[in-house]
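Sequences listed follow chains P and H, in order.
Numbered per my numbering, the first sequence spans residues 1 to 335.
Numbered per my numbering, the second sequence spans residues 336 to 510.
For the record, the hints were derived by calculation from the structure and aren't laboratory data.
Predicted model, so just to flag it, every value in this text is computed and none were measured.
Just so it is clear, CB atoms sit at the ideal spot from N, CA and C, and this is done for glycine as well.
Incorrect hints may appear among the rest.
Short derived list, chain P residues pointing at chain H, Cβ under 8 Å [as the list claims (entries may be wrong)]:
| id | residue |
| --- | --- |
| 1 | D118 |
| 2 | I119 |
| 3 | F125 |
| 4 | I159 |
BS3-like, lysine-lysine: derived pairs with alpha carbons at most 30 Å apart [stated by the list, open to error]:
| id | chain 1 | residue 1 | chain 2 | residue 2 |
| --- | --- | --- | --- | --- |
| 5 | P | K313 | H | K507 |
| 6 | P | K66 | P | K34 |
| 7 | P | K145 | H | K507 |
| 8 | P | K76 | P | K145 |
| 9 | P | K145 | P | K62 |
| 10 | P | K76 | P | K66 |
Below, each chain spelled out in residue letters.
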Amino acid sequence: MELAYFLIETVVKVVAVFAVLMLVVAYLTLAERKILGRIQVRYGPNRVGPFGLFQPIADGIKAFFKEDLVPARADKTLFVIAPMISITAAISLFAVIPFGEQIELFGRRISLTIASLDIGLLYVFAVASLGEYGIVLGGWSGYNKYGLMGALRAAAQMISYEVALALSVMGVLMIAGTLNLVEIVRQQAGWHWNILYQPFAFIFYLVCALAEINRTPFDMPEAEAELACGFNIEYSSMKFALFFMAEYAHLVAVCAIATTLFLGGWDGPFNLPPALSWIWFVAKTGILVYFFIWERGTFPRLRYDQIMRFGWKFLLPLTLANIVGTGLYMVLRGM
Amino acid sequence: MTGSIFYWIAFVVTALAAVFAAVMVITRRNPIHSAMFLVLNFLCIAVLYLLLNAQFIAIIQVMIYAGAIMMLVIFVIMLLSVEEEERRRKIPVPLAQMLGMVLVFILFAQLIFGVVVKVLPGEQGEFSPERIAELGDVKTIAGLLFTKFLFPFEVASIILLVGIIGAVILSKKER
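This is chain P alone, in the form it adopts within the complex (with noise of 0.2 Å):
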């Protein structure tokens, strides 16, 4: 009985949690354009409904609607693969994601975590380097010279900076001496945030992982003006929504993890019910992912070589050199 229990909890959890990612991807992408129009001083979308409002219902009436072209050269196996593995991986990112403290429902403690797993942030991680397969895959299996050039780009950035992406976290871990979110959450209760501890971690997190997500200035697998779009220049209809979707799905993960391991999580400046203790961690993660828009209309796109050098010869060195700093200040501290 206990068994039938969890899995009914575990759905109910699965199904809310995707529902929700799947809205807030959706309007995401009104407000990534609407913000973008505001910054470049102009409206964005406002014909369909209300304030535009209905933008991405009849986006996704189009994508759906659009002819379904597979190149004639193209490997199609791959080419329709590669699409599912990109938004397969940024969901499960939510999987490990604690939104909020736990509640007390029809007599039961559940924990507003669909998993929480002892080793969570190395799921994490594993999860989003399979997720990468999408993006090169889906360059290479086109048959198309900038889809492969984009590929290229793909794989040899990300493999560059989730090094240092994963270097970043590591003063975080080795405060909290645990990879489970949940816990991790908990230990800084009380505005004993992260960040306060470990500043400059999180501005090299938040620099991985806008490469990470290729969004600009870093978004050299689709950079439109050199690769007319990169990775996904054969992909029409529902596989290019797909790739969408999972770009933003992938960028909402990126600012929950952010939440998670840096600004408290769930904690607030002051305590709300358990249940509704997931409202400042909707807010935090609002927040940041406000600023990856933001500046996204506000820097320019690097260069390749700029990129590379950039991640092995300054962030790498300053990861390195921000694990040895908390590492002597934990010793000097006793802790």
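Fit chain H to the given chain P structure using the hints.
Just chain H now, with coordinates in the frame of chain P:
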């Protein structure tokens, strides 16, 4: 968990998938397909680790092998576009092939012996699944790695460092 029906179904399905993927790796003509089946194989092996209560090893298997190393392999295949290579005639190396066949046969015979003729369970270590669950998987490994096995651990890291420096020197030589 060991012994339950779910465990055995999971084991058989993953093991068969792993063998299937391994066979596909060596039979595909397209090197990218081979590489992707190798990724699948690594994922199956990660699941086998999970079934053996080794969460940390499983996730590291996915992260390092399936994620990072195979990404590098695919990068190199794409960069060299090995597709041209596959149409080349096979290089005849009868001696090496014979030797390989003998070795594979010996290995296979050992496997059969181990599975059918005599079960070799090995010694029961001090870390039972219950103990590991109590201590925490990562903590157990870290504790052993930085105390009992510190020397081999450090030596391994030095070997890797030598490998990296060697690669850099080899690639710089042409200038």
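How the hints compare with the structure:
1. With its C-beta approaching chain H no nearer than about 6 Å, D118/P sits inside the 8 Å limit, and its interface hint holds.
2. Hint on I119/P holds. Least Cβ distance to chain H is approximately 5 Å, under the 8 Å limit.
3. The beta carbon of F125/P comes within 5 Å of a beta carbon in chain H, closer than 8 Å, and the hint placing it at the interface holds.
4. The beta carbon of I159/P comes within 6 Å of a beta carbon in chain H, closer than 8 Å, and the hint placing it at the interface holds.
5. With a C-alpha separation of about 18 Å, the suggested pair K313/P and K507/H falls inside the 30 Å cut-off, and the hint holds.
6. Simply put, K66/P and K34/P have alpha-carbon atoms about 24 Å apart, close enough for the 30 Å limit, and the pair holds.
7. Restraint check: the Cα-Cα separation between K145/P and K507/H comes to about 28 Å, which is no more than 30 Å; the hinted pair holds.
8. With a C-alpha separation of about 17 Å, the suggested pairing of K76/P with K145/P holds against the 30 Å cut-off.
9. Proximity of K145/P to K62/P is assessed by CA-CA distance (about 27 Å); at most 30 Å being required, the pair is judged to hold.
10. Restraint check for K76/P and K66/P: satisfied, since their Cα atoms lie roughly 19 Å apart, inside the 30 Å limit.
Checked against the numbered hints above, the structure violates none of them.
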